[in-house]
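Go by the hints and put chains B, C, D, E and F onto chain A.
Residue numbers (full-length UniProt numbering), protein chains in the order written: chain A, 1 to 148; chain B, 1 to 148; chain C, 1 to 148; chain D, 1 to 148; chain E, 1 to 148; chain F, 1 to 148.
No false leads were slipped in.
One copy or any two copies: either way a pair holds, since identical chains are not told apart in the list.
Derived DSS-like pairs: lysine-lysine, alpha-carbon spacing no greater than 27 Å straight-line:
hint	residue 1	residue 2
1	Lys60	Lys140
2	Lys139	Lys39
3	Lys105	Lys45
4	Lys98	Lys139
5	Lys21	Lys98
Since the hints were made in silico from the structure, they are not lab data.
Chain by chain, the residues run as shown.
6 protein chains.
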Amino acid sequence: MMLEANIDDMNPEIYGYVMEKAFKLGALDVFMTPIIMKKNRPGIKLSVLCEQEKQEELEKLVLTETTTLGLRKYEVDRTILKRQSVKLKTKYGVVSMKLGYMGGKPVKLAPEFEECREIAEGFGIPIPQVYEDLVYAAKKYFEAIQEK
Amino acid sequence: MMLEANIDDMNPEIYGYVMEKAFKLGALDVFMTPIIMKKNRPGIKLSVLCEQEKQEELEKLVLTETTTLGLRKYEVDRTILKRQSVKLKTKYGVVSMKLGYMGGKPVKLAPEFEECREIAEGFGIPIPQVYEDLVYAAKKYFEAIQEK
Amino acid sequence: MMLEANIDDMNPEIYGYVMEKAFKLGALDVFMTPIIMKKNRPGIKLSVLCEQEKQEELEKLVLTETTTLGLRKYEVDRTILKRQSVKLKTKYGVVSMKLGYMGGKPVKLAPEFEECREIAEGFGIPIPQVYEDLVYAAKKYFEAIQEK
Amino acid sequence: MMLEANIDDMNPEIYGYVMEKAFKLGALDVFMTPIIMKKNRPGIKLSVLCEQEKQEELEKLVLTETTTLGLRKYEVDRTILKRQSVKLKTKYGVVSMKLGYMGGKPVKLAPEFEECREIAEGFGIPIPQVYEDLVYAAKKYFEAIQEK
Amino acid sequence: MMLEANIDDMNPEIYGYVMEKAFKLGALDVFMTPIIMKKNRPGIKLSVLCEQEKQEELEKLVLTETTTLGLRKYEVDRTILKRQSVKLKTKYGVVSMKLGYMGGKPVKLAPEFEECREIAEGFGIPIPQVYEDLVYAAKKYFEAIQEK
Amino acid sequence: MMLEANIDDMNPEIYGYVMEKAFKLGALDVFMTPIIMKKNRPGIKLSVLCEQEKQEELEKLVLTETTTLGLRKYEVDRTILKRQSVKLKTKYGVVSMKLGYMGGKPVKLAPEFEECREIAEGFGIPIPQVYEDLVYAAKKYFEAIQEK
Numbered sequence: 001m002m003l004e005a006n007i008d009d010m011n012p013e014i015y016g017y018v019m020e021k022a023f024k025l026g027a028l029d030v031f032m033t034p035i036i037m038k039k040n041r042p043g044i045k046l047s048v049l050c051e052q053e054k055q056e057e058l059e060k061l062v063l064t065e066t067t068t069l070g071l072r073k074y075e076v077d078r079t080i081l082k083r084q085s086v087k088l089k090t091k092y093g094v095v096s097m098k099l100g101y102m103g104g105k106p107v108k109l110a111p112e113f114e115e116c117r118e119i120a121e122g123f124g125i126p127i128p129q130v131y132e133d134l135v136y137a138a139k140k141y142f143e144a145i146q147e148k
Numbered sequence: 001m002m003l004e005a006n007i008d009d010m011n012p013e014i015y016g017y018v019m020e021k022a023f024k025l026g027a028l029d030v031f032m033t034p035i036i037m038k039k040n041r042p043g044i045k046l047s048v049l050c051e052q053e054k055q056e057e058l059e060k061l062v063l064t065e066t067t068t069l070g071l072r073k074y075e076v077d078r079t080i081l082k083r084q085s086v087k088l089k090t091k092y093g094v095v096s097m098k099l100g101y102m103g104g105k106p107v108k109l110a111p112e113f114e115e116c117r118e119i120a121e122g123f124g125i126p127i128p129q130v131y132e133d134l135v136y137a138a139k140k141y142f143e144a145i146q147e148k
Numbered sequence: 001m002m003l004e005a006n007i008d009d010m011n012p013e014i015y016g017y018v019m020e021k022a023f024k025l026g027a028l029d030v031f032m033t034p035i036i037m038k039k040n041r042p043g044i045k046l047s048v049l050c051e052q053e054k055q056e057e058l059e060k061l062v063l064t065e066t067t068t069l070g071l072r073k074y075e076v077d078r079t080i081l082k083r084q085s086v087k088l089k090t091k092y093g094v095v096s097m098k099l100g101y102m103g104g105k106p107v108k109l110a111p112e113f114e115e116c117r118e119i120a121e122g123f124g125i126p127i128p129q130v131y132e133d134l135v136y137a138a139k140k141y142f143e144a145i146q147e148k
Numbered sequence: 001m002m003l004e005a006n007i008d009d010m011n012p013e014i015y016g017y018v019m020e021k022a023f024k025l026g027a028l029d030v031f032m033t034p035i036i037m038k039k040n041r042p043g044i045k046l047s048v049l050c051e052q053e054k055q056e057e058l059e060k061l062v063l064t065e066t067t068t069l070g071l072r073k074y075e076v077d078r079t080i081l082k083r084q085s086v087k088l089k090t091k092y093g094v095v096s097m098k099l100g101y102m103g104g105k106p107v108k109l110a111p112e113f114e115e116c117r118e119i120a121e122g123f124g125i126p127i128p129q130v131y132e133d134l135v136y137a138a139k140k141y142f143e144a145i146q147e148k
Numbered sequence: 001m002m003l004e005a006n007i008d009d010m011n012p013e014i015y016g017y018v019m020e021k022a023f024k025l026g027a028l029d030v031f032m033t034p035i036i037m038k039k040n041r042p043g044i045k046l047s048v049l050c051e052q053e054k055q056e057e058l059e060k061l062v063l064t065e066t067t068t069l070g071l072r073k074y075e076v077d078r079t080i081l082k083r084q085s086v087k088l089k090t091k092y093g094v095v096s097m098k099l100g101y102m103g104g105k106p107v108k109l110a111p112e113f114e115e116c117r118e119i120a121e122g123f124g125i126p127i128p129q130v131y132e133d134l135v136y137a138a139k140k141y142f143e144a145i146q147e148k
Numbered sequence: 001m002m003l004e005a006n007i008d009d010m011n012p013e014i015y016g017y018v019m020e021k022a023f024k025l026g027a028l029d030v031f032m033t034p035i036i037m038k039k040n041r042p043g044i045k046l047s048v049l050c051e052q053e054k055q056e057e058l059e060k061l062v063l064t065e066t067t068t069l070g071l072r073k074y075e076v077d078r079t080i081l082k083r084q085s086v087k088l089k090t091k092y093g094v095v096s097m098k099l100g101y102m103g104g105k106p107v108k109l110a111p112e113f114e115e116c117r118e119i120a121e122g123f124g125i126p127i128p129q130v131y132e133d134l135v136y137a138a139k140k141y142f143e144a145i146q147e148k
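For reference, chain A alone in the conformation it holds in the complex (with noise of 0.2 Å):
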């Protein structure tokens, strides 16, 4: 389910509070899009997306946490990746790559980012060298998986 308020009253401080309770409660998405509502207000659309066994828990949570009076929703499929993840020996130590398949086949590796972020930060390097670093280190690996 897609699960949508379009708020214009509320100190913008609040959402990202928000969006982690959504998070923990199961969410599989939360997003806010910047929208121009009546009257020149600039608002936020919030979005979350859920399965349908969260949908009462989340559809509550927008209306107890936000100062929304209502919200709408439709259903909505999904296509995803089969996924795993992996880990990875690299200069760094070992660190978990996201690997997405596609028919059976691997077709996609990305390092987690928030390891990057902490190699960054523990090593001293740049994070964009980090984090090529790291694809560099994917990619050997997705190839060796993928010629088998």
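Frame of chain A; chains B, C, D, E and F shown alone:
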């Protein structure tokens, strides 16, 4: 129903007029989202939310009063808190508030913004202060009715 | 002068009121830009363009009528086409047009939007058609004055 | 069908390429919406509108040519004005116009933008003027066919 | 100084990290604006506001930790309300508030958002309610100090 | 110089053309920012960055090729990494890379996107993979030249 049209060839001065007309025809909500369309065109997604019985008239409005040659639409459900308008005596006189109920219990109370604006103009007081004063009056009333 | 304040803790209903007040105090332009601030806060950059002699009053407005605790400012120069308002006889009656000159020559002529709106409402004609009709009337007049 | 993917980990240079490819594969529309995702990430919602028979191919495109590991989708209906391309003789030569019908009656006529662009470049005339000239030519032709 | 870089070729996951680092190095403010760049690229303008003595270090940060090959910068003046942090006793315990003065007089008082968040989590109360409660406590204290 | 115009009355199809023309005339950068103007108008701030000797010509372009009746401008300084274009042999053939130096040392190397696009099209390979392959080739070359 949610009606949506991506518009990339219209003088933006026209949107305010179209929004007003849509509200007059009974739209539940009307809003605009900045989008990026092909060929570097900064477009606008115009969204009109309405009951099914208003759909035909509002489709006609969008197709007549904007430059678009088509629109898309999909059904949405809504969860709406039961609302009530209450009059509250405040230090600025009697003011309207919107009150929202969840599960039969009052859970939200907020001042009508247009009345904040009139008070701010009439009394010559900064609007954030007026708003806070009314939230405060609402809060006290709200606590009283919650206790019952 | 350009005055700018990043605001992430204000009820968005308030912006329309502040914009109007700024224009009344003599601002040359007032606009809002959606921005992304720290901690996932969807903020608004409020921009007020004004002559230097209005700066003090407009700074005070921003600091009083919004929640911000500060603003920044920098000088901007402007290149403005010489403008004139001309009255034109059209099939809808006499209409105001804004005329722009570059290097002494008329180069632009456009209808005043508020009059388009009134005509559309009064005559019950779609606004894009009214706008086009007025652009057409403007165009004919414009060609005549350019030839002189 | 509307296909949507929220993307927060892709080099933005890639979007233009993906859009073009999607149009080539038969997408009815492709557009991007700036969104705000978790952890202060400025993401992009990529939207691809298509007929059901193109869905599978376009899903594959999005999953292959972007970094996303999934997408969501929902059915949308469309109301499309009957369209026709007409050739019009103008002072710049013969130009294509798109004509829209509502209820059997012609209601809209607009120049094809790419031809405006070519004329502006070829004749060395400001493009707003070319556009207005073509709107004017369209308008005259349009009034003629409406009277019939 | 205001430092600005338009970035169209960086993984958006990186921005949150760069913002944090910029704040740690002493930036006064850091924010992102969605922009549209050539070739249909949805870019981000990264803005870093800082005192002149921090400029060099922050320039280096932007040039090192992002993919940009350059940045632009201009001087801005600032008007900042004199601020004070005050501790207030509320029904949730002692809470920090930020107090702003204009012309020697207290004109603004707002709760520190992070403490609202902690209270909401700790007490299990909806955050808009906590926020309102603290605004209310602030308001009462504020009226008391204004009267003096 | 930074030239800026807020535009709220122009057909958005025109922007792509104006951007291209501005780049041809020597603009250093051209970009658009979605803004919210008075009367609920979703406008665009058009920004043109240029050297002072190009300013007059680019001002004229903005005033001629858009509907604006004025623009504002302010000086900006720039910090630009020394850049070099290098040719690299990759498995897809010889490819151009942009190389950036800070303090005499090479610090950045990135593929020219247009060549990624050509390779993706020519070889029929997903563009993220091409991009990664070229980043990898760049990275190896880069490490070699850094070691010197």
